[in-house]
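Q: Build the full structure now, drawing on both the sequences and the hints.
Protein chains in written order, with the numbering used here: chain S, 61 to 630; chain X, 27 to 277.
Some hints here could point you the wrong way.
[Said to hold, decoys possible] Covered stretches of chain X, going by a simulated chain S footprint (3 or more residues, C-beta under 8 Å):
1) 139 to 148
2) 171 to 181
3) 210 to 222
4) 261 to 274
[To be verified] Residues on chain X that point at chain S, a partial pick, calculated with CB under 8 Å:
5) Asn-28
6) Leu-36
7) Ala-51
8) Arg-97
9) Thr-116
10) Thr-118
11) Gln-132
12) Gly-168
13) Glu-232
14) Gly-233
15) Phe-235
16) Trp-245
[Unchecked claim] Simulated crosslink set (DSS-like; lysine-lysine; CA at most 27 Å straight-line):
17) Lys-392/S - Lys-137/X
18) Lys-228/X - Lys-58/X
19) Lys-112/X - Lys-194/X
20) Lys-194/X - Lys-268/X
21) Lys-121/S - Lys-147/X
22) Lys-95/X - Lys-112/X
23) Lys-58/X - Lys-172/X
24) Lys-194/X - Lys-392/S
25) Lys-194/X - Lys-228/X
26) Lys-392/S - Lys-111/X
27) Lys-172/X - Lys-392/S
28) Lys-213/S - Lys-249/X
29) Lys-213/S - Lys-251/X
30) Lys-249/X - Lys-58/X
31) Lys-194/X - Lys-251/X
32) Lys-58/X - Lys-121/S
Hint data in this document are derived by calculation from the structure and do not stem from the laboratory.
We treat Cβ as the ideally placed atom computed from N, Cα and C, and that holds for glycine.
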Amino acid sequence: MIESSGHEGGHEAPRGFLRRYVFSTDHKVIGIQYFLTAVVMALVATVLAMLIRVQLAWPEKAVVAPETYVSLVTMHGTLMVFFVVSLALVSGFGNFLIPLHVGARDMAYPFLNMLSFWVIVPGCVLMLASFLVEGGAAAAGWTAYPPLSALGKAVPGSGLGQTLWLLAMALFIASFTMGGLNYVTTIVNCRTRGMSMMRLPLVVWTFLISAVLGLLSFPALTAAAILLLLDRHAGTSFYLPAGLVFGNETLPHQGGTPLLFQHLFWFLGHPEVYVLVLPALGIGFEVIAAFARRPPFGYRLSVYSILVIAVLSMIVWGHHMFVSGMNPYLGKYFSIVTVLITVPFSVLGLNLIASLWRGRIRLDAAMLFALGLVSAIGIGGLGGLYLGTATSDLYFHDSYFVVGHFHFTIGTVTFFGIYAGTYYWFPKMFGRRMDEGLGRVHFWLTVTSLFPMFLLMHYQGLGGLLRRTYDPTVYAYNAAARGLNLSITLLAFGLGAGQIVFLVNLFRSMFAGERTGENPWQATTLEWTTESPAPHGNWRREVPSAHRSPYEYGRNGGAEDFVLQSAEKA
Amino acid sequence: MNKLWSLLFLAVPVGSVGLFIWAPANGHWWPKPLSSYGADIDYFYYLITVITTIMFLVTELLLTWAVFKYRSDTPGRASHWHDNKKLEITWTAATALILLWLGVYQIGIWKDVKFPGRFPKDAQLVAEVTGRQFEWRFRYPGADGKLHTVDDVQTVNELHVPVGVPVKILLKAQDVLHSFFLPNFRVKQDAVPGVEIPVWWKSTEEGVFDLVCAELCGWGHYKMKGRITVESPEKFQAWLTKTWQEQEATR
Ligand code: HEM
Ligand SMILES: [Cu+2]
Ligand SMILES: [Cu+2]
Numbered sequence: 061m062i063e064s065s066g067h068e069g070g071h072e073a074p075r076g077f078l079r080r081y082v083f084s085t086d087h088k089v090i091g092i093q094y095f096l097t098a099v100v101m102a103l104v105a106t107v108l109a110m111l112i113r114v115q116l117a118w119p120e121k122a123v124v125a126p127e128t129y130v131s132l133v134t135m136h137g138t139l140m141v142f143f144v145v146s147l148a149l150v151s152g153f154g155n156f157l158i159p160l161h162v163g164a165r166d167m168a169y170p171f172l173n174m175l176s177f178w179v180i181v182p183g184c185v186l187m188l189a190s191f192l193v194e195g196g197a198a199a200a201g202w203t204a205y206p207p208l209s210a211l212g213k214a215v216p217g218s219g220l221g222q223t224l225w226l227l228a229m230a231l232f233i234a235s236f237t238m239g240g241l242n243y244v245t246t247i248v249n250c251r252t253r254g255m256s257m258m259r260l261p262l263v264v265w266t267f268l269i270s271a272v273l274g275l276l277s278f279p280a281l282t283a284a285a286i287l288l289l290l291d292r293h294a295g296t297s298f299y300l301p302a303g304l305v306f307g308n309e310t311l312p313h314q315g316g317t318p319l320l321f322q323h324l325f326w327f328l329g330h331p332e333v334y335v336l337v338l339p340a341l342g343i344g345f346e347v348i349a350a351f352a353r354r355p356p357f358g359y360r361l362s363v364y365s366i367l368v369i370a371v372l373s374m375i376v377w378g379h380h381m382f383v384s385g386m387n388p389y390l391g392k393y394f395s396i397v398t399v400l401i402t403v404p405f406s407v408l409g410l411n412l413i414a415s416l417w418r419g420r421i422r423l424d425a426a427m428l429f430a431l432g433l434v435s436a437i438g439i440g441g442l443g444g445l446y447l448g449t450a451t452s453d454l455y456f457h458d459s460y461f462v463v464g465h466f467h468f469t470i471g472t473v474t475f476f477g478i479y480a481g482t483y484y485w486f487p488k489m490f491g492r493r494m495d496e497g498l499g500r501v502h503f504w505l506t507v508t509s510l511f512p513m514f515l516l517m518h519y520q521g522l523g524g525l526l527r528r529t530y531d532p533t534v535y536a537y538n539a540a541a542r543g544l545n546l547s548i549t550l551l552a553f554g555l556g557a558g559q560i561v562f563l564v565n566l567f568r569s570m571f572a573g574e575r576t577g578e579n580p581w582q583a584t585t586l587e588w589t590t591e592s593p594a595p596h597g598n599w600r601r602e603v604p605s606a607h608r609s610p611y612e613y614g615r616n617g618g619a620e621d622f623v624l625q626s627a628e629k630a
Numbered sequence: 027m028n029k030l031w032s033l034l035f036l037a038v039p040v041g042s043v044g045l046f047i048w049a050p051a052n053g054h055w056w057p058k059p060l061s062s063y064g065a066d067i068d069y070f071y072y073l074i075t076v077i078t079t080i081m082f083l084v085t086e087l088l089l090t091w092a093v094f095k096y097r098s099d100t101p102g103r104a105s106h107w108h109d110n111k112k113l114e115i116t117w118t119a120a121t122a123l124i125l126l127w128l129g130v131y132q133i134g135i136w137k138d139v140k141f142p143g144r145f146p147k148d149a150q151l152v153a154e155v156t157g158r159q160f161e162w163r164f165r166y167p168g169a170d171g172k173l174h175t176v177d178d179v180q181t182v183n184e185l186h187v188p189v190g191v192p193v194k195i196l197l198k199a200q201d202v203l204h205s206f207f208l209p210n211f212r213v214k215q216d217a218v219p220g221v222e223i224p225v226w227w228k229s230t231e232e233g234v235f236d237l238v239c240a241e242l243c244g245w246g247h248y249k250m251k252g253r254i255t256v257e258s259p260e261k262f263q264a265w266l267t268k269t270w271q272e273q274e275a276t277r
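A: Shown next, in the form of structure tokens:
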């Protein structure tokens, strides 16, 4: 295996603040930059969520205008999926962890890595700036379905706001692609001696597959976005059929179909779910192993499951389109492959639970969130059965059942992964620990508000309440369902307050947390063989080799109950 | 102390089950199904619910039990146990079989609802339905039974259908996507510009119900509300004739 490029052992860290912390090529700095960017975007996206909840709890007060509401929903979803979870989990933790885990001094292409971050920054700025332009931010949903997103006449946000949305997404995709190339190359080519693929920590497997999925599926969105831009600005008709009428005006378009966009979008959109969820599961495996003091159950089976998920996730996109007007014969096929993808997913969940068996479980904050993640996978995965089978999706499609469901999966599983990862790797990032007491408060505040909140949304969906509805009181049939809105909003406030505890803990611990040594959790993987925080080049001495599996926990005999992956066999 | 903390994890299964009992008792369930296939769809929903409830409880209780039983303050070290072929094969195969069965089972219902080739042969073409920002337009074939002739009856946001007979509509959209949703009848179908999609159902009860737009269609999406009146075939005919006469009178 090749030694990682660039920095050799004694290579010096760049001096000067700018080169060190701003335009850095060090994967750890870049990872933290991504993470902090995601924190900022998360604050915005959460404020938007709170505004949504305020409107829904007190619709008679009309706190926001209807067109603003649609923008809020669109931007909340877009920011959370692409600019918070993707950035923090995949780009943040991926960058920080991969070289440390595979035993490399940096990513394969450090400069490309820096570039990927500096491409996303203007992306964030454009996205946020779109709130300020005439007509407001994009308002066609995070799914940006045309004709709504294609025609300025269709909705106020479909003017400059939608254009900025598309440009920001283009920057996001460019950045994510550079990141993905780096991940794949680094994991495949830059592993240290002895680090065979089957000795990789599971989280590295999840980053690898996540990157591969991203590389395969994002081009579809790129194409979709370009065609949409052409329809918007060059008068083409990729998504626009003949005979569109607005007011008294018939538009000159002809020959396209809006369904084309939906296929392209979900060809990305579904794999994207796994791009986000897999790394969260990976973090779950790492944290559970370290705090249950035993290897994760079924390493091989988990790797195979991840691979099967990767393959299947590319061919299930149509389950988002059962009632879209797509040929109903396809509904049959997409239902079957969708229930099939639930199988490897359940296997991962069951493996996580079995990984607790006969362990010695320590309930530190990181572990609490990892366990919460397992619960959320259960609820999210089982809820998915209702939506993945065409027959019941018929009723639940576009209802609050869907909103509840995806907040458990791409919302909660991912966020709990991020939190577990933050509590766990914070010492390696900053050389200090986060406060355990505050961590527990954070966890219990989060769980007691989040679970009931998103569960209640499932019942609202059962009652027929629909998503993206500014004022549900217009209808009679949903009276019971919308009656839950006030409670849900109060729970959302509780959830928001709980996250303040996290932010306080995060920033306080950066400067005032208790200092830690190399391996505060007595963990086994390579990142714990270097000092905390890890220096430039990751190891001051030679890069360690992998001499055994990454999870030598629960070992009897020695003074310790674990053996480092880098420890030579006797 | 550790014991207590680990037991707190019971909150998730206990709370969820509590909600599951509380919700239907307080009206948080779906409306009674009022179409012939509505009952089949609901039946399938209950079937999934049985399976998910069992899987949910088993996994949550195992999780809580493990956290409780294998606390760090129990004596001894963790075991290095990490594989069990039999167990792995069993739960992979078991979930695969159950889920595959579920997926295959529901195809029959889906076909009955959506496959145009399987629509009831005697389904009565009631109306052409066009979604536009932010209203529903209906065009009923008049006395000649044909659409787009001079005797078509047109209404806005007012859909009438006869009870007890299979009815068919032709769904269109003229500007952006909309979705034709009748919660009580378990009917949902997106309306797509440039495409005409047939939809059928058979209402089993008379009454007046909401017609809802279920696909984001702009700032006024939330108020794109229609009304469906299900009535006896005689009353339906009478309403059609009356509406036709009113339409003629104002022409
Ligand atoms: C602070 C906690 C959160 C609250 C209270 C919240 C609330 C909501 C609500 C009420 C909606 C539906 C609005 C509507 O359809 O009218 C929504 C939509 C959405 N949320 Fe969240 N959310 C939260 C966190 C998250 C997270 C962490 C994600 C992560 C991916 C996320 C992703 C989305 C997406 C993708 C949509 C759909 C947007 C659309 O319909 O276009 N949310 N959120
Ligand atoms: Cu999907
Ligand atoms: Cu609508």
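Q: Now, for every hint given, state plainly whether the structure supports it.
A: Evaluation of the provided hints:
no. : hint                  : in the structure
1   : 139 to 148            : holds (count 4)
2   : 171 to 181            : violated (count 0)
3   : 210 to 222            : holds (count 10)
4   : 261 to 274            : violated (count 0)
5   : Asn-28                : holds (7 Å)
6   : Leu-36                : violated (11 Å)
7   : Ala-51                : violated (11 Å)
8   : Arg-97                : holds (6 Å)
9   : Thr-116               : violated (10 Å)
10  : Thr-118               : holds (5 Å)
11  : Gln-132               : holds (4 Å)
12  : Gly-168               : violated (24 Å)
13  : Glu-232               : violated (16 Å)
14  : Gly-233               : violated (11 Å)
15  : Phe-235               : holds (7 Å)
16  : Trp-245               : holds (4 Å)
17  : Lys-392/S - Lys-137/X : holds (8 Å)
18  : Lys-228/X - Lys-58/X  : holds (14 Å)
19  : Lys-112/X - Lys-194/X : violated (53 Å)
20  : Lys-194/X - Lys-268/X : holds (22 Å)
21  : Lys-121/S - Lys-147/X : violated (50 Å)
22  : Lys-95/X - Lys-112/X  : holds (23 Å)
23  : Lys-58/X - Lys-172/X  : violated (34 Å)
24  : Lys-194/X - Lys-392/S : holds (22 Å)
25  : Lys-194/X - Lys-228/X : holds (9 Å)
26  : Lys-392/S - Lys-111/X : violated (33 Å)
27  : Lys-172/X - Lys-392/S : violated (33 Å)
28  : Lys-213/S - Lys-249/X : holds (18 Å)
29  : Lys-213/S - Lys-251/X : holds (21 Å)
30  : Lys-249/X - Lys-58/X  : holds (23 Å)
31  : Lys-194/X - Lys-251/X : holds (20 Å)
32  : Lys-58/X - Lys-121/S  : violated (32 Å)
When held up to the earlier numbered hints, the structure conflicts with 2, 4, 6, 7, 9, 12, 13, 14, 19, 21, 23, 26, 27, 32 and fits the remainder.
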